[in-house]
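Asker: The primary structure of each chain is shown beneath.
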Amino acid sequence: MQFEFLQSLDTIEIAGGLTLLSLFIGGIIMGVGIIIARTVRLLFSKYYAPKLPQDSAKNFGKLIYFGIILISFLVFTSTTGVDFSGLLIAGGIFGIVIGFATQSVVSNLISGIFLMIEKPAKQGDKIDIPGSDISGTLLDINTFSVRVKRFDGTIIRIPNESFFTSNIRSLSSTPVRRSEAIVGIAYKEDIDGAISVIEKQIRKSMPFVLILPKPEFRIKELADSSVNIEILVWHPRDDWDQVGPHLLKVAKKALDQAGIEIPFPQRVIWQAKE
Amino acid sequence: MSDTNSESSFSNYGIYTIKDNIEFLLPNVTIKIEKIGDHVFSYLRRDAEDNIVKKIIPTSSSELTIELSPIRPLNYPARRAVHVYLDLETPIFLSEGSAASVFVLCPIEIGIFLVHEGHKDSLDWIDCEPLNSRFCLYGSPESGTLCKHASSEIVESYDDSIPFINGVLKIDIKNDLDKGLTISKIVFPITDNSVYYKNSKAIFDSLKAVLKKKLTLEILDVNSESIETDWVKSPTYERVESIKRVDMGVD
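As given, the protein sequences belong to chains A and B, one line each in that order. Quick note: the first sequence uses our numbering, first residue 1, plus one each step. Quick note: the second sequence uses our numbering, first residue 1, plus one each step.
Treat the hints as calculated values from the structure; they're not laboratory data. Where hints are given, some of them may not hold.
Derived DSBU-like pairs: lysine-lysine, alpha-carbon spacing no greater than 35 angstroms straight-line [said to hold, decoys possible]: (1) B:K185 / A:K204; (2) B:K198 / A:K253; (3) B:K214 / A:K204; (4) B:K213 / A:K204; (5) A:K200 / A:K188; (6) A:K46 / B:K120; (7) B:K208 / A:K214; (8) A:K51 / B:K55; (9) A:K253 / B:K54; (10) B:K170 / A:K200; (11) B:K214 / A:K188; (12) A:K214 / B:K213; (13) B:K214 / A:K214.
Since the model is a prediction, treat every value here as computed from it, not as a measurement.
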């Protein structure tokens with residue numbers, strides 16, 4: 001009875017030699033393929049992915065999944081004996097049209113592939129894109145875009161193409177980072193004395209500032225109203241928030257305590273006699 | 001009460017069984033533990049700058065047992081490094097083929113561990129000299145190793161440990177090079193070195209440092225070695241999976 005039913009399906013032709021039976025078999029093949037793909041991806045993510053870097057594991061997972069589905073599709077087409085040559089020609093023309101229309105999508109896809117190969121930054125890295133207001137933690141690199149969690153807690157999505165062509169400043173690839181601040185003292189003040197009190201205050205109140213390399217002090221500028229001292233300190237890469245935003249405060253506190261003047265801009269105007 | 005320590009007069013490291021209350025007076029730090037309920041104790045730590053840490057400790061019995069012990073100096077200001085950079089105040093000169101054993105001071109922190117049913121859980125830790133607890137970098141900013149910095153003085157023996165501030169570390173140094181060299185710093189992963197205590201003094205497992213050639217480079221190869229001692233071994237809590245090996249170049 002069932003056999004007769006299948007035979008009857010074989011007689012119903014849909015298009016170009018494609019019968020209802022072959023479509024039915026194809027459906028089974030695709031279904032089995034999807035089940036296998038999901039199972040293999042599950043096994044991969046359970047047993048092998050933890051040993052790989054997070055982003056590589058994710059990409060391998062996708063590759064395995066879609067690879068098995070593609071193989072299933074090829075098996076399906078070969079078993080049905082359908083001639084897809086006409087479809088391929090039509091697809092080719094359609095592809096060119098679509099290609100023009102989806103240029104940016106393809107560009108993002110290709111950029112995504114290159115990002116995965118080049119790996120300018122990896123998942124979890126802290127990055128900064130100079131010239132834009134984007135800085136934060138790289139969450140993931142996907143097929144078309146990357147996601148960055150900014151330091152203000154918001155998440156920003158950047159198309160792969162613009163991320164790939166941007167300058168990317170990695171804040172996580174070195175063990176230490178340097179923070180800078182500029183503070184001005186009055187011309188009458190002793191420069192060495194000012195540097196000494198700032199250095200002592202940094203040592204006392206900034207536990208994340210490294211002892212080696214030592215904090216560095218440079219005369220940045222003999223400016224209109226002040227001698228500007230640049231303070232450069234090194235700290236562990238993840239502790240910028242404990243150092244960078246506090247450096248000026250610490251310097252000012254040290255100068256205030258030592259009675260060293262931080263001048264405000266002054267201009268002496270000489271009035272000519274009539 | 002433990003067999004060696006008195007609840008009323010703190011002076012040493014050790015295991016304390018607290019029935020009512022206890023106060024530990026350490027350099028710049030005071031710790032007060034009080035019973036506030038049948039099975040509840042309060043823990044209060046106050047430092048020289050009046051920073052206060054307070055915790056409530058529920059217990060299964062009416063007593064609280066804690067262990068006060070020296071630990072590796074890796075917690076303050078934050079757990080970032082596993083290496084210690086011993087900056088020797090007096091450099092050591094070793095002539096060709098010579099060897100020496102020196103005792104140096106190495107900073108410690110103090111761990112407070114809750115002892116229950118055979119387990120020791122880290123309750124708190126303190127640094128009695130936080131101003132001297134700073135990081136430094138060994139190597140270049142691009143690829144160097146973040147270390148805890150320690151200005152280290154050479155001392156005569158294990159007895160020279162400074163209570164609650166410094167432990168003593170023995171270093172056996174050997175020069176296998178064909179020239180004399182001065183050693184002014186030693187960088188090593190301190191997670192390999194256990195800490196031991198007796199009364200209020202602390203010592204570390206020793207180090208073996210060999211000046212030798214590795215290919216064309218002259219290096220100071222530093223390895224830790226367990227010591228045989230009757231001092232009490234401090235509990236550990238760090239779980240360090242892999243430590244980057246640092247080959248120290250010589251000056």
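Asker: Confirm or reject each hint.
Answerer: A quick look at each hint next to the structure:
Taking the CA atoms of K185 (chain B) and K204 (chain A), the gap is about 23 angstroms. The hint holds against a cut of 35 angstroms. Straight-line distance between C-alpha atoms of K198 (chain B) and K253 (chain A) comes to about 43 angstroms, which puts the hinted pair past the 35 angstroms bound. Proximity of K214 (chain B) to K204 (chain A) is assessed by CA-CA distance (about 40 angstroms); at most 35 angstroms being required, the pair is judged violated. With a C-alpha separation of about 40 angstroms, the suggested pair K213 (chain B) and K204 (chain A) falls outside the 35 angstroms cut-off, and the hint is violated.
As the CA atoms of K200 (chain A) and K188 (chain A) are separated by approximately 21 angstroms, the hinted pair is consistent with the 35 angstroms bound. Using a Cα cut-off of 35 angstroms, the hinted pair K46 (chain A) and K120 (chain B) holds, with the two alpha carbons roughly 33 angstroms apart. About 29 angstroms separates the Cα atoms of K208 (chain B) and K214 (chain A), which keeps this hinted pair within 35 angstroms; it holds. Of the supplied pair hints, the one linking K51 (chain A) and K55 (chain B) is violated, its CA atoms being roughly 38 angstroms apart against a limit of 35 angstroms.
Among the hinted pairs, K253 (chain A) with K54 (chain B) is consistent with the structure: their alpha-carbon atoms are about 30 angstroms apart, no more than 35 angstroms. As the CA atoms of K170 (chain B) and K200 (chain A) are separated by approximately 32 angstroms, the hinted pair is consistent with the 35 angstroms bound. Restraint check for K214 (chain B) and K188 (chain A): the C-alpha separation of about 55 angstroms exceeds 35 angstroms, so the hint is violated. Between K214 (chain A) and K213 (chain B) the alpha-carbon distance is near 30 angstroms, which keeps this suggested pair within the 35 angstroms criterion.
Between the alpha carbons of K214 (chain B) and K214 (chain A) the distance comes to roughly 30 angstroms, so the proposed pair stays at or under 35 angstroms and holds.
Hint compliance for this structure: hints 2, 3, 4, 8 and 11 are not met, and every other hint is.
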